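Those protein sequences? They're chains P and G, same order as listed. For the first sequence, position 73 (counting from the first letter as 1) is numbered 73 according to this note's numbering, and the numbering increases by one without interruption. Take the position in the second sequence, starting the count at 1, then add 333; the result is the number in this note's numbering.
One or more hints might be untrue.
To be verified - Okay, the calculated beta carbon distance ranges per label pair:
hint, chain 1, residue 1, chain 2, residue 2, range
1, G, Asn711, P, Asp3, 33 to 39 Å
2, P, Val307, G, Arg597, 24 to 30 Å
3, P, Trp304, G, Arg500, 35 to 41 Å
4, P, Leu314, G, Phe441, 28 to 34 Å
Said to hold, decoys possible - Beyond 10 Å from chain G on every Cβ pair, some chain P residues (computed):
hint, residue
5, Met6
6, Val112
7, Met117
8, Val127
9, Arg162
10, Trp269
11, Leu322
Hints were generated in silico from the structure; no laboratory data involved. Here the structure is a predicted model, which is why all the values come from computation and not from measurement. Glycine included, C-beta positions come from ideal geometry on N, C-alpha and C.
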Amino acid sequence: MPDPVMADLSDQLLTVAVLCYAIAMLGHAVEYAFGTRRPTRRTGTRSLVTVGAGVSNPAVGADVSEPAAPSGRADLAGKADLAGRAALWLTVLGALAQAGCLVTRGLAAERVPWGNMYEFTIATGLVGVVAWLVLGFRRPVRHLGLFVTLAVVLLLGFAAVRLYSRAGPLVPALNSYWLKIHVTAAVLATGIFMVGFVAAVLYLIRDRHDDAVAAGRWLRFPVTLGVQLPEAATLERMAFRLHALAFPIWTFAIMAGAIWAEEAWTRYWGWDPKETWAFISWVVYAAYLHARATAGWRRSTAAWIAVAGWVTMLINLFVVNLVIEGLHSYSGV
Amino acid sequence: MTTTPVATDATRLSTAPEPPKPGGGRGLAATGRRWWRQLTSMRTALVLLFLLAVAAVPGSLFPQRNVNQSGVSDYFTAHPDAAPILDRLWAFDVYASPWFGAIYLLLFVSLVGCLVPRMRLHVRAMLRRPPDAPRHLDRLPQHAAPGSVPVDPAGLADRIAGMLRGRRWRTAVRHHDGSVTVSAEKGFLRETGNLLFHFSLLAILIGVAWGSAYGFYGNRLLVAGPEQAFCSSLQQFDDYGLGSAASSADLPPLCLELVDFDARYLSNGQPEAFSAETRYTLGDSAPRDFTLRVNGPLRLDDGSVYLVGHGYAPVIRYTDRYGRGQTSVAPFLPVDQMLSSEGVAVFPDANVNPKTGKREPDLQIGFQGRYMPTLPDNPQSGHSAFPAERGPGLVLFAYRGDLGLDAGIPRSVYSLDQRQIDQGQLRMIGDQPKLLRPGQKWTLDDGTTVEFLGTRQWITLQLRHDPGAPLVLVAGGVLLAGLLASLTVRRRRVWFRLSAPEGAADLRGRTIVEAGGLTRAEYTGFGDEFTRLVARSVPDSGSIPARDSAPPSAPPSGAKGD
Ligand code: HEM
Chain P
1 MPDPVMADLS
11 DQLLTVAVLC
21 YAIAMLGHAV
31 EYAFGTRRPT
41 RRTGTRSLVT
51 VGAGVSNPAV
61 GADVSEPAAP
71 SGRADLAGKA
81 DLAGRAALWL
91 TVLGALAQAG
101 CLVTRGLAAE
111 RVPWGNMYEF
121 TIATGLVGVV
131 AWLVLGFRRP
141 VRHLGLFVTL
151 AVVLLLGFAA
161 VRLYSRAGPL
171 VPALNSYWLK
181 IHVTAAVLAT
191 GIFMVGFVAA
201 VLYLIRDRHD
211 DAVAAGRWLR
221 FPVTLGVQLP
231 EAATLERMAF
241 RLHALAFPIW
251 TFAIMAGAIW
261 AEEAWTRYWG
271 WDPKETWAFI
281 SWVVYAAYLH
291 ARATAGWRRS
301 TAAWIAVAGW
311 VTMLINLFVV
321 NLVIEGLHSY
331 SGV
Chain G
334 MTTTPVATDA
344 TRLSTAPEPP
354 KPGGGRGLAA
364 TGRRWWRQLT
374 SMRTALVLLF
384 LLAVAAVPGS
394 LFPQRNVNQS
404 GVSDYFTAHP
414 DAAPILDRLW
424 AFDVYASPWF
434 GAIYLLLFVS
444 LVGCLVPRMR
454 LHVRAMLRRP
464 PDAPRHLDRL
474 PQHAAPGSVP
484 VDPAGLADRI
494 AGMLRGRRWR
504 TAVRHHDGSV
514 TVSAEKGFLR
524 ETGNLLFHFS
534 LLAILIGVAW
544 GSAYGFYGNR
554 LLVAGPEQAF
564 CSSLQQFDDY
574 GLGSAASSAD
584 LPPLCLELVD
594 FDARYLSNGQ
604 PEAFSAETRY
614 TLGDSAPRDF
624 TLRVNGPLRL
634 DDGSVYLVGH
644 GYAPVIRYTD
654 RYGRGQTSVA
664 PFLPVDQMLS
674 SEGVAVFPDA
684 NVNPKTGKRE
694 PDLQIGFQGR
704 YMPTLPDNPQ
714 SGHSAFPAER
724 GPGLVLFAYR
734 GDLGLDAGIP
744 RSVYSLDQRQ
754 IDQGQLRMIG
764 DQPKLLRPGQ
774 KWTLDDGTTV
784 EFLGTRQWIT
794 LQLRHDPGAP
804 LVLVAGGVLL
814 AGLLASLTVR
824 RRRVWFRLSA
834 PEGAADLRGR
844 TIVEAGGLTR
854 AEYTGFGDEF
864 TRLVARSVPD
874 SGSIPARDSA
884 PPSAPPSGAK
894 GD
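In isolation and in its complexed conformation, chain G is listed as follows (with noise of 0.2 Å):
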């Protein structure tokens, strides 16, 4: 056993390594290390973070496509000349930028180069005693000379080491020539929090990829009524996506109807209430009921359905030349708060001779209106007053002609082709709107009719599916855990230092008591923990203090940390 303590390495208390020499050498492998040296490094780390706070600033400044389609396309109006410029520079697709990328990646392989040698270290550090005292506990922060007590050194040694060990500090007892030292040591959560703290944002990045790869998404209108229900196919959703690794065979087998929904306004038109009445099947399974609320999904295995939106849907009847009655439920978009709502509906199988079963191609039907779900005091406005039904109003331009379905253009299914109506194939009939309410009936030139029935309800639903998600919800669980460990546990050691007087013959039979210790500066309460792991060490009674230095005399208060 030898003797001489180890000081540098018993008062240093982070696991960081040691700073590394300047890297000497030419070639490619030392030019490789000196670059991961500088990339692992605290500094590096520090200005990858800035950079990540900085690049995802435009993300907030320009509209986003994963966001905000439709702003995306303003900004294109707006700024014919800058926008692709812009977009070149992925400014609309910030968070999926090489550029963005690169820093967080860059970061995270900074992290991991940084890490697992921390932990290497740490687990090390577990693992080996704690360090012998260093030779001058009076050069230690924390220092007490409690004086001498009448017990033998190993006895006194023994009793300690108990005594912190049922402290939950971890200690090594060591024998030297007339002295005995105990070492103690605690606070390893602080490392392991850091560690856990640092690879749960690992995991994190791990789930987002996974829920991006492996997710789907699909969005899609849904009218109220039984024959209105959808089934989860792609093609039943009016848009979708799914993750580079998913495919259409992912999606749960849920068919879903819209029963009824309700609404509950303030009465200035604030929302303040919605809840749809649904009934699905999952595969084979019986019909069941669920109620969707904004902040309740309705809940599968995989995948969850979200209730998005809402809106009316006018159901309007033309009857035609030949008497025969048509019916069409279309939804409208609300347009402001009060649910003014426009849109289309279009009969292109109007008029169609019954004896020949013959198309008259400019004898189609389409009525673009507006409707108010509470009429306000001068309708020619267009706004509704409250955007519950009240005394509803449907406003209609009626138009004949070619309406243009069969070009195979997509098209918006909420308005007339304008290219139709601006060609001359599309004519309004009569120069004036009608204003209809529910039941009238609106008899155009030629004598056919189109009456207002009422109207169906329709929500718009999300059905999603992110299976990173509980990866990053435990993740993120861990990583306050070690945040709170790292930020709260302080890494501390105390040694005692146990010696057979010398010489002074009053003293005989008798062992000395010395003790310091060490932890990291922010730690205000140590001194008090200190001073009562002091107290403890001795005994109550025999104890004669030191000639030059006076016990401690802090009592113990507040301390904290563990």
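So that you can see chain P by itself, here it is in the shape it has in the complex (with noise of 0.2 Å):
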């Protein structure tokens, strides 16, 4: 039976979670606001970039960016770098609450804590998070955190609002080590779609700034945002890398499920709509993969399919569930 004292824990720390993250976001936004990483800010061209909508002088934007310059340099951006690095504690902090906010989860109901799409949403959520804080400790892209924690501030806000049940056990045909297996890659790969989709969009918008300023026009937002951005190529290979990872991750989960399916739907495969679009972004992001294995083809091409593989899982994540539910449940035997 449901344990009440560890599923409110649950909802408390998912509460906590989301505070630090929004605390975590401030902070990157102060970092993003006030921060400096190019050198030819510091040397006093700080009127012409300007965050927002702003001016890019073609000189000034051709510059490459560089790793953030070790803080104290300027007051302000010594200031700012501190914020930065609070937000990035601050999304450990996060990190460690929604974990908790899952292990607790688990312990009330018994069972792992992925079982519905509340639970599921909240594990995405996590394996996003803990994906960006690997790559935000060890890559010169730490103030890229304003948007992935208020990515992930959207995604629980919605869990919480939308999504919300009540610990509780599992339906029998939910029932099996399949699940584990099955659910927890799924999990995986979504996570780790999601931040490759982050890195895709970055590279997008880096990618059009780099256009624009060499053709000295005008920028506009959000095109604005790629002064702040790393070099398109790090953007691109980091997207690259995630979405290469992702991949057999999610060929797996949904050779899992299929094997799952096998056992508790009687055949391995039968295109419910959750297995439709499983199989659709799968085809798209194997899309991605050929179109960046193409030589001769714009990266950017392939930037837009990995884009569109992303809409896809989000598709399926909460359009199937939410609005094409009923032609297919998961509850009763």
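Dock the two chains into a complex; use the hints.
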């Protein structure tokens, strides 16, 4: 029987996690607005490169971005750097709370804590955050945390408001060790695809930005964000790495799901909406890897396909469960 | 031996065939070749992949016959105008439609056309010696000139080649005029994996086709009790599907009886566990017991038996005008999550005069009923309060007249024939239904009685055999292994050029070492690997740095990939 104390604790930990991420988002915003990463900005061309709708000087924009300078160079930059670092550690705290939320939920329901959409969304968000933290601590991309924390706050908020369900055991069809394998893989792959999607979008922005700067064109939002972003090639490679990591995991998740479906629903593949959209995502991501591998194609083509892939993932997560629901139900025998 | 380095070949790391030259010529053959090239190009593959993704979408928007037959019927009722048109476009059979088939068949033709030449090239590349060093090693992405060492070129070449072979590089040593080159190559597993991946896609398609041709399934509702046992012949299934190449002889000689069914629920009525005790025989075998569960099918050699549904079958005893009692065990179908169930109990042989044996056509009896395993506070609602039996009740509507069973028209066994009722052939007795609890009796207007004795459990089973599934499973494993190899392994080459110094007296008896390396741009760890290889290639002592370039200084770290 569900343990109400643990279940309540789990709900509270989710609130703590959201709070941590929200404060981290503030820290990242401070860093984003006042931080400095470009040598040119330190040397007084600040007026040329403003965040928001600004103008960028081709000479400045062509400058290759470099890792964040050690803090304490300029006073403001030092404070901004501090804010960024604090934000990253707050994100760690948030991730711990989020992990705690899942663990207590698992204890409350005495099962793996990804048995319904609410839990699946939280687990996916956690994988995304952890993947982000690994990147954020190791690469000069920390200030991108603004976008990541924003995405996570929105995701968790949506989960808490729209998807919430009390902790409880699973319906018999879900009660299988294949659930653990299949859903774990799906959660992992989804989380990594999510971070890969962020990288692909940022790459597209930076790419646009570089093109515009090279052509001496005016910049408009969101292309202006490109000023602050790492080099296009770095972002593109990051996006590829993440997708290349997530794709086999997603493949495995689909295969584990098929094995489980063979046991629970008598056939390994039946084209129900969930399966269909998993297949669609798989095909789109395969197309991404193809486009990426084809010599002579623009990398931005591949990045757009990756964006399309993430859209299909979102459709599968939210539209199929909440709108096409009824064609397929995970309850009952 | 030639000293001309085959630079273009050496620096090409992909086994992709050369892009075809623009096809010349007219005529059928030339046109065919052009079309074939178009079809097997990467761009076409990409377009077809996209088409496949898009074509799969309508199948998730419209109900599909193979998944949700009743959904299709509902759709026809709700959209009487659009449905037939959509049906003609195969909107309700998307995955069996010719247009869906055309896309994936084209894709697979493209795949074979693309991969067979690639496989040939790959095999050739594996059999060939690694190509000789390009002339300008310093133009390669990785380059090092660690200096000179006091060894002769040939000896050093053997040492380096041995070192590389120990690390599973394929090597070739070539002696030129005044120099020796060592070529080494690694990472063929990438292309092998890629080919395995694509061919296992093909194997999966074959497995699916095989399974649908030679497979079969049959559904059967089975009530508990030894006299209800069923044997797997086609007539005994409520519905079934045979693959185009399968026959009834392929069905396993299975006879199965439901001994007991047990369901556990949470307090809110959500099911928690189901188990069905069964006893079965296969051919002449002794009876065996097996507990069927939702995730635990009974595995036979050629087929599996799955538990797919369950419900209640009220047991109703009717005693007619001549005092003869008949008992009906009628499965009722659940209509909600709390297992409120509907069904009928019919007694076509009721009120047959035992003296004459003559059937009175208008004295047949039928009951339309609604069963609630837990009667709610307000039984009129008709909705059970809980799915398990905690104070059950059965609401019966009694009908007398001609049941219409002899008309030979297929009809539902879960409801009375509405046409007979409409035509007045079958009339309701009284104007009220009657609520019966187990053991209660209801006396009808003519003195006959109906008694609700209790219920039995029933389950629905599916017997299914998919002989293609093992192939699909194995192909899936190969696919994943191939994919991993293809995404993690990097094809890479290194070359060492070992030359005797010209002129300089202080270098006599020494060998100048120069190295170059090449890989795909993605592999950022290659720099470290290259540095380590170079460091290992020169003997520890006695090396003199070259004048123009410093020895590699990056410490080996974090290199990955094989
Ligand atoms: C059935 C549909 C197909 C699927 C799902 C698929 C999937 C994939 C995937 C996931 C990869 C990435 C793995 C890797 O990087 O090696 C890949 C690579 C590749 N695919 Fe396909 N593919 C399909 C059809 C085709 C076709 C029709 C062709 C030929 C035109 C093709 C040619 C290639 C090539 C050449 C690569 C290797 C790219 C490289 O050098 O890295 N594929 N495929």
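Against the structure, the hints come out as follows:
In this structure the supplied range 33 to 39 Å holds for Asn711(G) paired with Asp3(P), their Cβ-Cβ distance being about 34 Å. In this structure, Val307(P) and Arg597(G) break the distance hint of 24 to 30 Å, their C-beta atoms being roughly 46 Å apart. Under the hint 35 to 41 Å, the C-beta atoms of Trp304(P) and Arg500(G), about 40 Å apart, fit the expected range. The hint said 28 to 34 Å for the Cβ distance between Leu314(P) and Phe441(G), and at roughly 29 Å that hint holds.
No beta-carbon of chain G comes within 10 Å of the beta-carbon of Met6(P); the shortest separation is about 17 Å. With a least CB separation of 15 Å from chain G, Val112(P) remains clear of the 10 Å interface cut-off, as annotated. At roughly 16 Å from the closest C-beta of chain G, the C-beta of Met117(P) stays outside 10 Å, upholding its exclusion from the interface. Remark: the non-interface label on Val127(P) is consistent with the geometry, its nearest Cβ contact in chain G lying 19 Å away (cut-off 10 Å).
With a cut of 10 Å on Cβ distances, Arg162(P) stays outside the contact zone with chain G, its closest approach being about 20 Å. At roughly 8 Å, the least C-beta separation between Trp269(P) and chain G is not larger than 10 Å, which violates its mark as non-interface. At roughly 14 Å, the least C-beta separation between Leu322(P) and chain G is larger than 10 Å, which holds for a residue marked as non-interface.
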